[in-house]
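Asks: Position chains B and C relative to chain A; hints supplied.
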Amino acid sequence: MQTNNSLWELFQKRGLSRRSFLKTCAMITGLLGLSPLKCTEVVAAAEEKNLPVVIWLHGHECTGCDESFLRSQTPLASDVILNMISVEYDDCLSAAAGEPFEQHFKEIIEKYAGQYILAVEGGVPLAENGIYCMVGGRPFVTVLKEAAAGAAAIVEYGSCSAWGGIQSAKPNPTNTVAVSQIVGGTTIVKVPGCPPIPEVMTAVIMHFALFGQLPPLDTSGRPKQFYGNRIHDTCYRRPFFDSGMFAERFDDAGAKAGWCLYKVGCRGPATYNSCGNMRWWNGLSYPIQSGHGCIGCSNNGFWDNDQFYERLPNIPISATIANADTIGAVATGVAVAGVVAHGALSVVEKYKRQRQSKPEEERRP
Amino acid sequence: MSVKRVVIDPVSRIEGHLRLEIKVDESSGKVEDALSSGTAWRGIELIVQGRDPRDAWAFVQRICGVCTTVHALASLRAVEDALGIEIPKNANYIRNIMAATQNAQDHLIHFYHLHALDWVSPLEALKADPASTVELQNAVLEKYRLPLSGPVGLAFDAYPKEFPKATTLYFKTVQQKVGQIVASGQLGIFASHWWDHQDYKLLAPEVHLMAIAHYLNLLDRQRELVGAHVIFGGKNPHPHYIVGGMPCSISFSDMNASVNSERLAVVDASISLGINLINYFYLPDLLAIGDIYVKKGYTDGGGLAKERVLGYGDFPDEPYNGIANGDFHKKLLLRSNGVVENFGQGLASAVFYNLEGRDYADPAILAEGVEHSWYSYPQGKSNFHPWDGITEAQYTGPKEGNKDSWIYLDEAGKYSWLKTPKWRGKSAEVGPLARYIIIYTKVKKGIIEPTWAEKMVVDQVESVSRVLSLPPENWLLSTVGRSVVRGLEAQLHAYINKYYFAKLVKNIRSGDTAVASTEKWEPSSWPKEAQGVGLHEAPRGALGHWVVIKNAKIANYQAIVPTTWNACPRDSQAGYGAYEASMIDTKVKVADQPLEILKAIHAFDPCVACATHLYDAAGNEVGMVDTDPYAIVKGGGR
Amino acid sequence: MSDGQLKAYYVYSPWLRIFHWLMVMSIVVLFFTGLYIGNPFFIGSQGLEPTYAFSERLSMETVRFIHFAAAFILVCAFVLRVYGFVVNKGDRLLPRFWTKQHWAWTMDIMLHYMLLRASHKPYLRNPLARMSYLGVYFLIGIEAITGFTMYVMVDPKSIWGQSFSLVNSLLINEYYVHLIHHYVAWLIIIFAVVHIYMAVRADFMEREGEISSMFSGVKFLAHQPVDLGEIATEEDSLVRYWDNIARDSRPHSG
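Chains as they are written, first to last, in the numbering used here: chain A, 1 to 365; chain B, 1 to 638; chain C, 1 to 254.
The following block holds chain A by itself, in its conformation from the complex (with noise of 0.2 Å):
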């Protein structure tokens, strides 16, 4: 992915002179009404490399993916958006709304068309044409296979973007589909989670601007460094679990000797997440730690992995409710007993043929 040129490069690339570049300066600052003396500053701006561009749309979602990525500490969310990268399409930040808006999307798309990361936050409702996700008088839908086709790379942020999330939990009301079952054709990285961890979304766009690539992924197209793991294997709590000490109930002794929570339903030896090694709030904090098992935000189609406080979801049988082993037992008893009924049976038969004469015999061949 290329970066974009500066005001300073444009001028080289066309042979114009540093001094028409410096008089160019010198009326932009005029423009903008600013003092003479700011003029050395607008230059070291115009000569500055400009930072990559971003789209931020919003489908179905909830915003809280927004909200974890300003809650990151390192990059803080204003380094993020200010020095490393230039949002220049957020519905949940930027200041501009409706058609100048709606405008400058059309331009921005234009003006950068491959070379822009379009980050998506929220699924894809396909149902009815998409009707039911509006931006801008248009189906959500829409506007994201607009934006995606010049997109230089992708960034699906969050369960919903990635996976379909919550929306799309059975029985998906709205047919709603992860971004990546609607477009193609370039780089899609996926950062799930509901919502993902702030320091992990930032982390991407962080890698960006380090190394001027998109950092190496996985099978399924998510960073390896922070979604290589399961929490499991990378939790605090991991030891209790090998040594077989368990909560047994949320506030029970184990629960508050911080015993692994495996028996409560924790997801954590199924999900693939940073939880366990880099946590929340730079280490503060994740969900086991604070006594709750993971539910598995993370993982594609995890609402449809409930119940979460069973290690095995129940299976609803009429009215009553039993998991995997009570069913597996109760096959298995059926079974015992299926054999030893028609055990008996053939013993009857077997007695019975031997008190009859032999022409049954032959009826063998």
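Take the hints with a grain of salt, since some may be wrong.
Pairs of lysine-lysine, DSS-like flavour, derived with a Cα cap of 30 Å [to be verified]:
#: 1; chain 1: A; residue 1: K352; chain 2: C; residue 2: K157
#: 2; chain 1: C; residue 1: K121; chain 2: A; residue 2: K350
#: 3; chain 1: B; residue 1: K399; chain 2: A; residue 2: K145
#: 4; chain 1: B; residue 1: K127; chain 2: A; residue 2: K23
#: 5; chain 1: C; residue 1: K7; chain 2: A; residue 2: K224
#: 6; chain 1: B; residue 1: K296; chain 2: B; residue 2: K306
To spell it out: a stretch of chain A is covered by chain B in this simulated footprint if at least three of its residues, at any positions, have a beta carbon under 8 Å from a beta carbon of chain B; those stretches are [said to hold, decoys possible]:
#: 7; region: 156–169
#: 8; region: 210–224
Covered stretches of chain C (in silico footprint by chain A; criterion: 3 or more residues with CB under 8 Å from a CB of chain A, positions within the stretch not fixed) [unchecked claim]:
#: 9; region: 31–40
#: 10; region: 58–71
#: 11; region: 148–161
#: 12; region: 179–192
Simulated from the structure, these hints should not be mistaken for lab results. The model shown is predicted, which means the values in this text are computed figures rather than measured ones. Backbone N, C-alpha and C fix where the C-beta goes; we use that ideal spot for every residue, glycine too.
Replies: Same frame as chain A, now just chains B and C:
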């Protein structure tokens, strides 16, 4: 003279997808008509059906990530009301801390990062003199600080850790950075706004520079206010809870507990920082700008608040054993439950109606219409009590344009995915302003003997009235008033936070460390059928969740959320919704740049995903309900 | 039933027999350790008080180690199965779905098991059993794939981790891998119940040395088995050897 129709879509710096259309008389600036339309919905109530009620909080919490936590709280209360669970004292205090933290942080981030750019401009800030800005900052802190306080039981905060930086170099450096951004031509989040609008000239450049400096400063500090969520709930947004209390066990004798002295220190520091940021940044900035606007006569935008406001009340001081049985409302610290009519004509003519206990289960009190919503009711009926509620989708598209490419929506027909909620057949405004009007009225009229918090509400209102030299009804009922009250409420909640933290510590000191009541954890201990209601005063207003549980599964789930009350479409019987009424009550100077409308709507802190998650896509009636009044939960759309 | 001319047929190679018993042992170990891992301390005071391992013998770590060791033994044991398949005709039990005969025999044995037909054709290995073996290998395969997926993802960067992570993507997420692993384990146990019953029943009803065959490799049939060509040969010297012994020793052969 001509009437111009202006569309604002998308409305930015909000949560969710909102579209506004106004008809402005270009010569007088009068808004002849206005419509507000929620343009997205997700169907989360439908999704929680058939699931474990203990999981419901996690699902419905995702209705909104800005007012994260509020739907979880309402859901937990509804499920606990249904199952008859009384949570332990510590859990009650911790939840109150979570709620107060949410309100304080949400109000602060709303003012600086979602609302401020309607008032101040980075371009104007470039013209400021840094040295004069220092003087201004000093003057603002002297004049506009509101030195009110709640009971501060535990005060470890030796000195204000975060204080406005008032040095010339600081403002100069901020100005330089803003200048660089502007000069680079990459305005980023500041791009393409109506910066040339004349309202930005109302404030001196120094006010702009000061506010922009605080915008940046607090963008980086707001994160520290939610420490309580991260300690007690493991993360933010979307901290974790459990039915029956909180998951964060407290222990001082185990080595690995979720809550111990060190963890409480983090919460305390975070609460103290909240008080500092609100007292030294938020309120002075807000009152300084508000004062200038009020002095220049900007007291429009009051709208529906003049006629009718509604609240549910919150902060159970001690654990309660039910909501529908009335116990919840007996224990509240902030009894903003009820309806106040006619406050616009002054306190004397204001009328108060109570709202508690079984009222929330009474179909005669809450009803909804779909006259202008994309739904149809049979037999030409225009109104249904919620238990008769029918959600028959009837997406009619716009007045001009195509179904998937709108030009103008049809204000005479259907134009929103929101229904119109009604209290006794009438629209009502909810939110911080509503809560303040209700408590102010109740206390002033002697309906209630005020708690310390209610007394603080009255003190705050009267203090600001003195600063602005106006009686409350003259400044409260306006766009400025809505924003100012939000700031006052942030201050109140910051002290409520401190208050419950002290109560929590005191209770732990007495030897009680329980945070969860698990006797009714197993579904086998539940009744076969149960219904419950959960109430909460969210940052944006009164929030109610209604749940029906059958055979340990959610048979039906409904929420009536603040933004549905406020952003709903008009109704011939109930009148305009609060957004529409406020827009109509607002003067627009330049029709093509309706900055005043943005201000008015942002003052409500719109949260549209909350309001529009409600309906069943196929338009089917959702679920089954019997004759119980709780059948309010029936039906898809609410 | 017998005409006194019981004949011995050498069916199973030692490789297969060793494999079989290794499999039995490892499945028993895997099943019970697996139940424990899925729900530690499922026997006892569950749900009443926090559980903890009293000693290292019952720690999750040890139980998991046993589970993993048994899993490796089970998977490695398949080498013997394959070797037996190569060297001994009697081990080649793959059902011949493509033949009409296979389905006719299946119908024959099914009617017999449903007690609708008093007797069945003589088989060395009846086609229904042969199909069920294939089925159980398939189930074990699922267990191995899902099990190793969970096992190797401790080191996602390794070649194993990279290969098996695809299983997670394929099954939506790793939680489903856990679920499938758990359910299929129960299916294998149900197979075991039926399998043991069928062996005991055959021994009792037909006295063909069904159970002992898994120790000795030899079955005894009064009539020439119809699937002889597919599975074993009479000419085998070992068969003749066993034939003689059988003739001398089997009490009911007279």
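Asks: Now, for every hint given, state plainly whether the structure supports it.
Replies: Taking the hints in turn, this is what the structure says about them:
1. A:K352 with C:K157: Measuring from Cα to Cα gives roughly 66 Å; hence the hint is violated.
2. C:K121 with A:K350: holds, 16 Å
3. B:K399 with A:K145: Given pair K399 (chain B), K145 (chain A) holds - Cα atoms ~26 Å apart, limit 30 Å.
4. B:K127 with A:K23: holds, 21 Å
5. C:K7 with A:K224: Between K7 (chain C) and K224 (chain A) the Cα gap is close to 64 Å, so the pair fails against 30 Å, i.e. violated.
6. B:K296 with B:K306: holds, 21 Å
7. 156–169: It holds, with 4 qualifying residues against the three required.
8. 210–224: violated (count 0)
9. 31–40: It holds: at least three residues are needed, and the region 31–40 of chain C offers 4 whose Cβ sits within less than 8 Å of chain A.
10. 58–71: Since three or more residues must qualify, the claim that chain A covers the region 58–71 of chain C holds, with 6 doing so at under 8 Å.
11. 148–161: Coverage by chain A holds for the region 148–161 of chain C (5 residues, Cβ < 8 Å).
12. 179–192: Holds: 7 residues of the region 179–192 of chain C have a Cβ under 8 Å from chain A.
Going through the hint list in order, the structure does not satisfy hints 1, 5 and 8.
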